[in-house]
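Two chains, two frames, some hints: make the complex.
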Amino acid sequence: MKNTIATCILLAASAHCAAEVSVIVHPSNGNALDKDSIAKIYLGKTKSFGDGTKVQAVGLNSGNVVDEFTSNVLGKSSSQYKAYWSKLIFTGKGTPPEGLDSEQAVLDFVAGNTDAIGYVDSGKVTGAVKVIGKF
Amino acid sequence: MKKRLIAVALCCAINGAAYGADLRINGFASIVAGSTTDDNMSVFGYEDEISFSNESMFALQVSSDLGNGISATAQIVARGNEDYDAGFEWAYISYDINEHLRLSAGKMRLPLFRYSDFIEVGYAYRWVRPPTSVYSFASTTPTGMSLLYTSQLGQWDSSLQFVYGRYEGKASAITDSDDSTLNDITGFNWTMSRDWLTLRASYVVAETSISLNNSAPLVGLSGALQNYGLQEQLSQLVIDKDDGSFLGLGFAIDYNNFLLDGEYTEIEVDNSLLPEQSQYYISAGYRLEDWTFHVTYEENDDKHPSSRFNQVPTTITLANGSVVPVSTDPSNPNAPLIRDLMNGALNATRVNTNTMTIGARYDFHPSAAFKIDWSRLDNDVINQDNDVIAVAVDLVF
Chain A
1 MKNTIATCIL LAASAHCAAE VSVIVHPSNG NALDKDSIAK IYLGKTKSFG
51 DGTKVQAVGL NSGNVVDEFT SNVLGKSSSQ YKAYWSKLIF TGKGTPPEGL
101 DSEQAVLDFV AGNTDAIGYV DSGKVTGAVK VIGKF
Chain B
1 MKKRLIAVAL CCAINGAAYG ADLRINGFAS IVAGSTTDDN MSVFGYEDEI
51 SFSNESMFAL QVSSDLGNGI SATAQIVARG NEDYDAGFEW AYISYDINEH
101 LRLSAGKMRL PLFRYSDFIE VGYAYRWVRP PTSVYSFAST TPTGMSLLYT
151 SQLGQWDSSL QFVYGRYEGK ASAITDSDDS TLNDITGFNW TMSRDWLTLR
201 ASYVVAETSI SLNNSAPLVG LSGALQNYGL QEQLSQLVID KDDGSFLGLG
251 FAIDYNNFLL DGEYTEIEVD NSLLPEQSQY YISAGYRLED WTFHVTYEEN
301 DDKHPSSRFN QVPTTITLAN GSVVPVSTDP SNPNAPLIRD LMNGALNATR
351 VNTNTMTIGA RYDFHPSAAF KIDWSRLDND VINQDNDVIA VAVDLVF
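Quick note, the sequences are listed as chains A and B, same order. Taking our numbering, the leading residue of the first sequence gets 1, the next gets one more, and so forth. Taking our numbering, the leading residue of the second sequence gets 1, the next gets one more, and so forth.
Since the hints were made in silico from the structure, they are not lab data. None of the hints are false.
Pairs of lysine to aspartate or glutamate, DMTMM-like flavour, derived with a Cα cap of 20 Å:
#1 A/Lys45 <-> B/Asp157
#2 B/Lys170 <-> B/Asp242
#3 B/Lys170 <-> B/Glu268
#4 B/Lys241 <-> B/Glu207
#5 A/Lys45 <-> B/Asp254
#6 A/Lys45 <-> B/Asp65
Some chain B residues well away from chain A (every beta-carbon gap over 12 Å; in silico):
#7 Ser177
#8 Asn214
#9 Asp240
#10 Phe293
#11 Pro336
We treat Cβ as the ideally placed atom computed from N, Cα and C, and that holds for glycine.
The following block holds chain B by itself, in its conformation from the complex (with noise of 0.2 Å):
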């Protein structure tokens, strides 16, 4: 009742005058505290400093139901390590076109994930955050359509989606944020589920482009490749409208208080700087009255086949016949082989890490969870390891 009149508040705030639709407003909140134990890497953003802003947020949505199966939906979040600078993270129209079909359009998240659409919603799931060596980029929030088909297929209820759009904005990619473009995103997700049981398949293409700009020795490597002509092995570099894919495979299980879960995936960008991709990850949990006790294992494996090496040349013949060196300097004999610098940037890409987590919720109130994480993370490229132990609180309204 008390958020029916708020709701009512706000639409005469808003509009002036108060309007007969159904306006609901909800919210979901997130503080958490966390910290490294050592200081030789950071991990999930955070370092051997307390920190109660890195993976703190909060959200309102706002939805309206104007009648006639359409309605609309805003939902506005400001995350802590964005200074809580608010945002439109999702602003769409949905439209019944049955008991069964849904069609929206507007700004929404890309399924990819299992927990994508509601990666933020803490609540929702017995992590402070779900497994992040799988859930890289899960955050990405193209504008398009989709379509939600469910349905009954025996004693299994389906969902169906299929989903198009764009998106045009910051990607950490090759550093923290770099401007990326995915365009014509394609891709379906299909989750089946039975009584303890849910399974899960999604499939998305998009052609990628992501600016090398903001490293300046991507860029000096891909100048120097264009100054010798080597269009070839400069488009293998560059990420340039170039095919990418995602594939997600996952699996739920709820039985007696028991659980069991799983997601493994695949991320490839076809010939370009981005290393092959896959991950996984298995949690096992236990419910014990409002405690869920849990157990995660992830690995993160990106890196490119060997083939993809020693593909610039060391030497180049000129017009006139006679043969020069393909490096940085061609009149200094010394001067580091661009092959060289090539291999370097494609073996930088290269991923591989392992992270065990062990965990509590403890749901002390209706509407909000405690939680308790403590993660390891493996570095095995660099050869080191940190823990992050962090705290959440998280709540729904």
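Chain A with its partners taken away, still in its complex shape (with noise of 0.2 Å):
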């Protein structure tokens, strides 16, 4: 872990770094969910889990673990996703998903919200929280 680490700050200077990223539910939802079906979530085309339950996605603010997200599940930057994000909020179109603070917030959040989605660096994943997917 704690080479994982080194190695990302060295890497972050330079070039991406290559964490991986836990897309993660509530222990109880049972829906499947693709990478398809989580880049309509975070991009607001999809507000729904496939049971039809009114989905509560959240991200983080701002870190690699962002980067990483947008740019493997969602194929752009995380500029891009900013962009993206602001031609809709400020058209009344849409609201993104809530940015958290840490990726502590985001497994609390969504350990206790059985309709929640989010994202956490796959070395944080807890017992209290489903993966349906790494990228």
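Listed below in structure tokens is the structure:
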């Protein structure tokens, strides 16, 4: 773990850090989600899980994990992701997933809400949440 | 989290009590410095002295989710070229009828062009400003309603919007600021996107009235036509409850860091001083890490068809059988003919410009972009060209 962080710090200066991101939901959530459906949720194109439950998506405000998530799952840089949402926010067409301040906050939110979805560094995943995909 | 605290503080300050409603504050800002290189004509509002205020602006948006699909949003914009005199640009309530249908009512931007809705959110696009030949009167904000239908059609994301409303306010049509009214604004726009391709079509009609009162020569010309009882010709000049229409077609490609977009637009206000207008731009770009490099060519062609000229008679026969010239002063044989003045007025609306822009955007911060654009505008009517160099920092927060 320490090595990964050290590598990340080293790499972050020059290129993208190769951390793996886990997309997590509440343990009771039985929906299967592929990369495409996760992307649709984070781009505001889908607002419900497969079983019809309204989804509460959360993300992180900033950091490497955001960059990894947006590029690996959404195929966008974090700037492009921000630009995409600013078009929707300022034209009343949508509200982006709320950005939380820390991965712990994401874990707590997802563990505490049956309709939640979030993402954290794979190394931070705990038993209180269910991983539905690693990217 | 900080945003929430500010939101709560603001909420308390306004209401005297904190309500449970989920209040969001977002904002965007652009600080733009620019100048033309020559003093022969102003371009995009710039002269040959550097200006920091011409295109700079600051905006705050407050939106509140009231629950059950209802939300209220207000956007306050302060523009440098209006002395940062802040005003409500958007103020509307929305109701999510279901996951696919959103009904909004209030004051909203008229979604004519692809970038209309977010034309002031510089962070959302690559240029310092979207191509001005096309985006000439993009910031009209009528009051009315909009129905937005988003759906999946096979592999395509579809977004279909219907609008209805009314606009009463200033327009930059004859002079920089003319009283104008757009009644029964009715239109739709449809955007389809799939993977790397986006297609868009927009059509809007409105009963259009624009006052000529700020132009003394046009007031004089109207008066003269009136005095000669030339009602038909007068109606061809004034912009009074005339049928206006807007057609816009656009596409965008974002493929493996290659960007290509274009828009074509046609604007007409029948039987009025306003010419038939057609504009287009085509823009290519390439993304390289945090940089985007781009090149854009745009053209604007506004003119009256030849059938609109020479419609004013040169003489008129009075009831007593005498024939008098239709001029500014019938007693003076050398006075200018009204026909010539009318032809001159129609000709004065002629616009034929093309603009070439090269530029770069650098995403130097997760919420901020630096941009530099160099544009050359070529005015074929007066045979002049001038360059504008502008640098900008665009933020969203």
